[in-house]
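K.L.:
Below, each chain spelled out in residue letters.
Protein chains: 2
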Amino acid sequence: MAVKSWVDIPQGSHFSLANIPFGIVTTPKCADRHAAIAIGDHVLDLHEFAQHQGFSELEDLTPDQIATFSKPALNDFASLGQTTHNKVRRYLQDILTGETRFPALLKTNTAAQQACLFHKDQVKTHLPMKIGGFTDFFAGKYHAYKCGRILRDPTKALTPNYLHLPIAYNSRASSVIVSGTGVRRPLGQFLQDPTDSEPSFGPCSQLDIEVELGALVCQGNSLGEPIDVNKADEHIFGFVCLNDWGARDIYKWESAPLGSFNSKSFATTISPWVVLKEALEPFRVRAIENETKLQSYLQEKMTENVYDIKLETVVKAANGDSGTLSRTNGRYLVFSFAQMIAHHTVGGCPLEVGDLIASGTLAGPEPQSFGCFLEGTNGGKQSIKLSATMKRTYLEDGDSLNIRGWCGDDESSLVGFGDCEGTILPSIKPSWM
Amino acid sequence: MAVKSWVDIPQGSHFSLANIPFGIVTTPKCADRHAAIAIGDHVLDLHEFAQHQGFSELEDLTPDQIATFSKPALNDFASLGQTTHNKVRRYLQDILTGETRFPALLKTNTAAQQACLFHKDQVKTHLPMKIGGFTDFFAGKYHAYKCGRILRDPTKALTPNYLHLPIAYNSRASSVIVSGTGVRRPLGQFLQDPTDSEPSFGPCSQLDIEVELGALVCQGNSLGEPIDVNKADEHIFGFVCLNDWGARDIYKWESAPLGSFNSKSFATTISPWVVLKEALEPFRVRAIENETKLQSYLQEKMTENVYDIKLETVVKAANGDSGTLSRTNGRYLVFSFAQMIAHHTVGGCPLEVGDLIASGTLAGPEPQSFGCFLEGTNGGKQSIKLSATMKRTYLEDGDSLNIRGWCGDDESSLVGFGDCEGTILPSIKPSWM
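Residue numbers (the working numbering), protein chains in the order written: chain C, 30 to 462; chain E, 30 to 462.
Because the hints were derived from the structure by calculation, they are not lab data. Because the structure is a prediction, the values reported are computed rather than measured. Any given hint could be a false lead.
Pairs count within a copy or across copies, as identical chains cannot be separated in the list.
[As the list claims (entries may be wrong)] With a Cα cut of at most 25 Å, we get these calculated PhoX-like pairs of lysine-lysine: (1) K330 <-> K159; (2) K330 <-> K458; (3) K322 <-> K281; (4) K330 <-> K260.
Same shape as in the complex, but just chain C (with noise of 0.2 Å):
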């Protein structure tokens, strides 16, 4: 779609008019937080649109449904199911496009606008859910490659396992942050040198990040009711881009026997805005083949079960200098969210309306094409060159990682998920330690 909008949307914004995505915000006007969406370089007020009658001609949506986004998570609104999320977002496509047909609603209506847009730079993006549980795949097959081959058996990367199920851990969603917000350089225990037989205290030195993608949950399920994976894609409100940082050194003191912990517990970035699930279904692609035979439960009618998301991160250093760390793609999955979602509730698990499920890190089949620092460096061992006067190991403090998504190649009309960006923070030591 490369219709034009009576709002000036910038050549390459993530935010076109072909994406809509949902968010939560605070403005000059109002420090409650709100649903907002983006559009180019402004942010449309859904509070503030709504106090307008800005959803009068949208037949169907009644008050109950209308006040969700004066709430200060989507949630409410997410739980309202697809049909709804996507009568809204059509409708606000049909308000904002150069031929709407009310354009008394916003477009000409200059009271409506003063209140209801704002510029980008006028608004603060919070987390957009309140997340129950947060959920961290490994269906990322390349990653899962080059990791295996780094810190197990190169003959042996991928475990026995890996291609019959998607591989998951309960992760930690009250440390879900986003973008924006400043990450702290975790202290923990871990070996200074491998062959020590005693652990260290300090600040992590072998800080970490993972690209993914993440999907948020519109629809649960009930305790001991699995979700049919043909069905799991009605339960997927919408995706974010998601770094999820970790401390090398942490993990690899803490993880035997029962997986990480506070490696991975301090922070996770996602983007603010929520893409529907419907503004990525034009970007549909296969994911990695899987010659596995899989269990019934994890058969997908659906062949193009993943999208072809373009994911291209970089590195700013505080003194300015800056680098393409890594490009690669949401397509290399070899298992879809929707078989994510059925494994997760095969054994009766429920999912609940603001769940975060992520991919796990998303390398590309290219050695240049990693998901994290542990793939580039070899686990450590050699720096990557950023630009003529910075390589990195590891992050350092002051360095600012941003990943950015999109999906299309028309610059007019891409749909993308902006920034997910954090900053490192140096670590402080409390006084009583």
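Once you have looked at the hints, place chain E on chain C.
P.N.:
This is chain E only, laid out in the frame that chain C set:
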């Protein structure tokens, strides 16, 4: 305290006047969830008690604070802090003692008694809190040792990190259920035979329990701000008994390389009544001695840092047969809950009100004092004789498993947790699978 209540309290009741545990109930009179306390075989409905001006003699308790008793979860009451919890507990002890200073509020007030006091069989208990994060520690040293011998190298049963930090993983909050809720045997993938190269799918055949204690959080911390181990106890609202059901066969297949997932996310049962931290204080004892020199953030001044809580686990079969599976104790921890909290937050992870922190399985030093079937059956190799007519390797459909925990020896002043029970329901395979 052997002070008598005017409410009849049977000898051996877990809910003596020395206890006063808080929970969430619905009653014949009110189908909305709200707060109550347990006393003997009765429940004092705090919502009704407030309506009947029951708190009128408790100075400093504001109407907003009293309104927390009408909420569907104890989170708001918990967030008022320990000073308030203790004040309310002591006030209710006064109301319920034979020598109450305020007989007109309940003891001699028939109308108030009829409205507020229910026999336990008249009420339904619910989850006491809205649980945000659920963290499962592994601080039961005898359990870790016994399992390590069975599952890993018998000569290196404890991993090298074990005595340096309280090992933990994030578990699944959405499947935490209250005592009395049926536990559906999970479906999942497993290797039918350890030598199989392809997994099978079906009902778990190694359904196990884990006897644990859970602490509920009443005060959080901000992202990036660790909690001082010597102030960590202030963050604890109270304790519950906890059964962390597990599917051992599913675990074996799914857990490489990231740990447990579906094997632990189908159900975790907790007892409905939160025993306040203050009620357990008389029962402090020393944890298992740890000669390891701990990092300073784990060095606790309090030497008696765990509680002497007797734990008894009984299996009852569908045909009525029953037998005691195990006797263990809450003291069999090598790290205290304060140390768990300090470690949980040392990297900056925020805890939130309502978070559930589980101890890890509590086994005793004796071979027969185990906290799960895995230990007692040597990894499923031998069955356990529970009665003249009943033996088990793992749980069977229809089995009811009850963990009862209590402090004290005087049958008239026990501080206990009541039942932590779940009955195994057979698997259901949905038609679409």
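K.L.:
Identify every previously stated hint that the structure contradicts and give their numbers, smallest first.
P.N.:
Going through the list in order, the structure violates hint 1 alone and respects the others.
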